[in-house]
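Residue numbers (my numbering), protein chains in the order written: chain A, 4 to 248; chain B, 3 to 341.
The set of hints was computed from the structure by calculation and includes no laboratory data. Mixed in with the good hints, there may be bad ones.
For lysine-lysine, the following DSSO-like pairs were computed, each having C-alpha atoms within a straight-line distance of at most 27 Å [what the hints assert, rightly or not]:
#: 1; chain 1: A; residue 1: K83; chain 2: A; residue 2: K128
#: 2; chain 1: B; residue 1: K238; chain 2: B; residue 2: K220
#: 3; chain 1: A; residue 1: K83; chain 2: A; residue 2: K109
#: 4; chain 1: A; residue 1: K120; chain 2: B; residue 2: K238
#: 5; chain 1: B; residue 1: K170; chain 2: B; residue 2: K225
#: 6; chain 1: A; residue 1: K116; chain 2: B; residue 2: K239
#: 7; chain 1: B; residue 1: K170; chain 2: B; residue 2: K252
#: 8; chain 1: A; residue 1: K77; chain 2: B; residue 2: K239
#: 9; chain 1: B; residue 1: K225; chain 2: B; residue 2: K147
#: 10; chain 1: A; residue 1: K83; chain 2: B; residue 2: K129
#: 11; chain 1: B; residue 1: K67; chain 2: B; residue 2: K129
#: 12; chain 1: B; residue 1: K220; chain 2: B; residue 2: K170
#: 13; chain 1: B; residue 1: K239; chain 2: B; residue 2: K129
#: 14; chain 1: A; residue 1: K120; chain 2: A; residue 2: K109
#: 15; chain 1: A; residue 1: K109; chain 2: B; residue 2: K238
#: 16; chain 1: A; residue 1: K114; chain 2: A; residue 2: K83
#: 17; chain 1: A; residue 1: K109; chain 2: B; residue 2: K239
#: 18; chain 1: A; residue 1: K120; chain 2: B; residue 2: K239
#: 19; chain 1: B; residue 1: K67; chain 2: B; residue 2: K147
#: 20; chain 1: A; residue 1: K128; chain 2: B; residue 2: K252
#: 21; chain 1: A; residue 1: K114; chain 2: B; residue 2: K239
#: 22; chain 1: B; residue 1: K170; chain 2: A; residue 2: K77
#: 23; chain 1: A; residue 1: K77; chain 2: B; residue 2: K238
#: 24; chain 1: A; residue 1: K77; chain 2: A; residue 2: K128
#: 25; chain 1: B; residue 1: K197; chain 2: B; residue 2: K67
#: 26; chain 1: A; residue 1: K116; chain 2: B; residue 2: K238
#: 27; chain 1: B; residue 1: K220; chain 2: B; residue 2: K335
#: 28; chain 1: B; residue 1: K211; chain 2: B; residue 2: K335
#: 29; chain 1: B; residue 1: K238; chain 2: A; residue 2: K114
#: 30; chain 1: A; residue 1: K77; chain 2: B; residue 2: K211
#: 31; chain 1: B; residue 1: K252; chain 2: B; residue 2: K225
#: 32; chain 1: A; residue 1: K224; chain 2: A; residue 2: K128
#: 33; chain 1: B; residue 1: K238; chain 2: B; residue 2: K225
#: 34; chain 1: B; residue 1: K148; chain 2: B; residue 2: K67
On a predicted model such as this, the values are computed, not experimentally measured, just so you know.
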Amino acid sequence: MSLSPTRSLAFCLSASLLALPLQAGAADGEAIIQQGGANPAAMPCMSCHGADGKGMAAGGFPRLAGLPEAYIAKQLADFKAGRRENPLMQPIAQALGDAEVAAVAKAYAAKPKVNVKPGPVERPKEGGGAWLALRGAWDRHIPECTLCHGPSGVGVGDVFPPLAGQSAEYIEAQLRAWRGTPAQPAGKKTKAVAAVAPTRSNDPNGLMRHIAADLSEAEIKAVAAYFAGLGESTEPFDESQHRLR
Amino acid sequence: MRASTGCAEPSSLPVPRPVTDQGTAPMKMPLRCLSVVLLPLLTTSALAADAARNPRLDDQTQLPKAPARPAGQTYFQPPAEADIPHNAFGELVRRGQDLFMNTKALAPQYVGNEMNCVNCHIDRGRKANSGPMWAAYPMYPAYRKKNNKVNTFVERMQGCFQFSMNGKPPAADSEVMTALTAYAYWMSTGVHLGKAQPGRGFDEPPPPKGGYDIARGKVVYDKQCALCHGDDGAGKKVGATSVFPPLWGKDSYNWGAGMHRINTAAGFIQHNMPLGRGRTLSDQEAWDVAAYINSHERPQDPRLVNGDIDETRKRYHADDGVNLYGVVVDGRKLGQGVQ
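Okay, chain A solo, but in the shape it has when bound:
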């Protein structure tokens, strides 16, 4: 005997209704990553962020594995609130309940964090991406990236996320999101292009936006390539080691 379509639907509904309070109470982060949230609009994270949580460079989808729990939770809250705009991510964040956000953040934070093998002091050449990353451009009030994001860009505390382990596509996109695009006047053969407002304004104390605003397009590309090129060490992160600047 097979269930009638109506009864089958009723069964499914009651089953999902039964499951709802459970998910609201203690959401399973790993289940959300693999299967999505209770709301179907909350698609499985891994479909874009990868099975291992290390992101997908081609789509500019960032690594989430090993990022600080508080940082991930804040980004999801900022997507919901519109402090960080993204057509793909905002609807997903909005579809996640508070408990689901907390569970996902915890699950990703528990995955291996990026490690860059400590090496000797680097001697960057002026003008390249490494120079910006390690020396900054203080004449424009731009600190070296590693001053806040840590040696080799491995991230510091809950506030400054790792840049190592992220793709050039993602880093570039974020710098542009903070910067927006300045308006371009009409040329002889080109039309005027209107300015695009920044789509990210969730940097604490406005620490990031003025930096991005002062970077040229070439510098954005170069510094993103530098961090993307650092690679990832297979050795576990050694807390007892010094990392040279």
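With the hints as your guide, set chain B onto chain A.
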């Protein structure tokens, strides 16, 4: 938060006042006057008490204020890193720069806390108003008329190790000091020797008219500084490496460091903090937050006289800018030290 004091303060803004000895008699005097009163207490016998130590290291008072930058002029531009020559001299200069940026990691035997030269001298000692090396180096040997002493540049750096890095100064002829000196010398290429450069030191803002306020400083700290330096002022590390330096507590600069002066910290903060967003705090905010930071305990002043905070204040702190060493704040006398 209010400093307990024997002085009546007519202003509505609480200004901590140093407590003199057991003095409870109300006194009405500006902060600066008090240090003048205490000056004669610097007796010669007291100064001779610990002659074993290099007495020239003990004087950490400031050089006269550097001139302001004339309108329309730029600060001195040190040579580019790419211009460091590729020879033995260049190697020494690079080694100096490495030590400057990684002091704790590369010279741990001399550093007793989690500070590195570059923490107070931003952009590898190149940034104006962040104690740049190109402005410091040409001022030494420095003659101080007040006590008829001469300090060399190496002695000044030894002072950094002893106080700011709460460590053991490397010997004057050590490899570490030679490399750091070579780095500062190279960075000063083309600067006018012996001439005070605009941008030297930290270009301190004038003391606010109504005084500073520690409680108001905490509000600034929580909003602007705690993000990196932590609510507890302990800073943040990656592995063993300090990324955001501790501002108080056992791993920070000690009570003898120049940065323990509120005026000095106010200058550093206003020009350089938050990182990349310097010149965004008002004079008042800079003084308030500097006072808040410097109203916390930190390692003892290594010049401590006979284990006595009051004696030490009289001899080394009373005439050294504006500071809270030996001052009672919130019912507790500062300068106890932490280990």
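Unmet hints by their number, sorted upward, for this structure: 1, 5, 9, 10, 12, 20, 22, 24, 30
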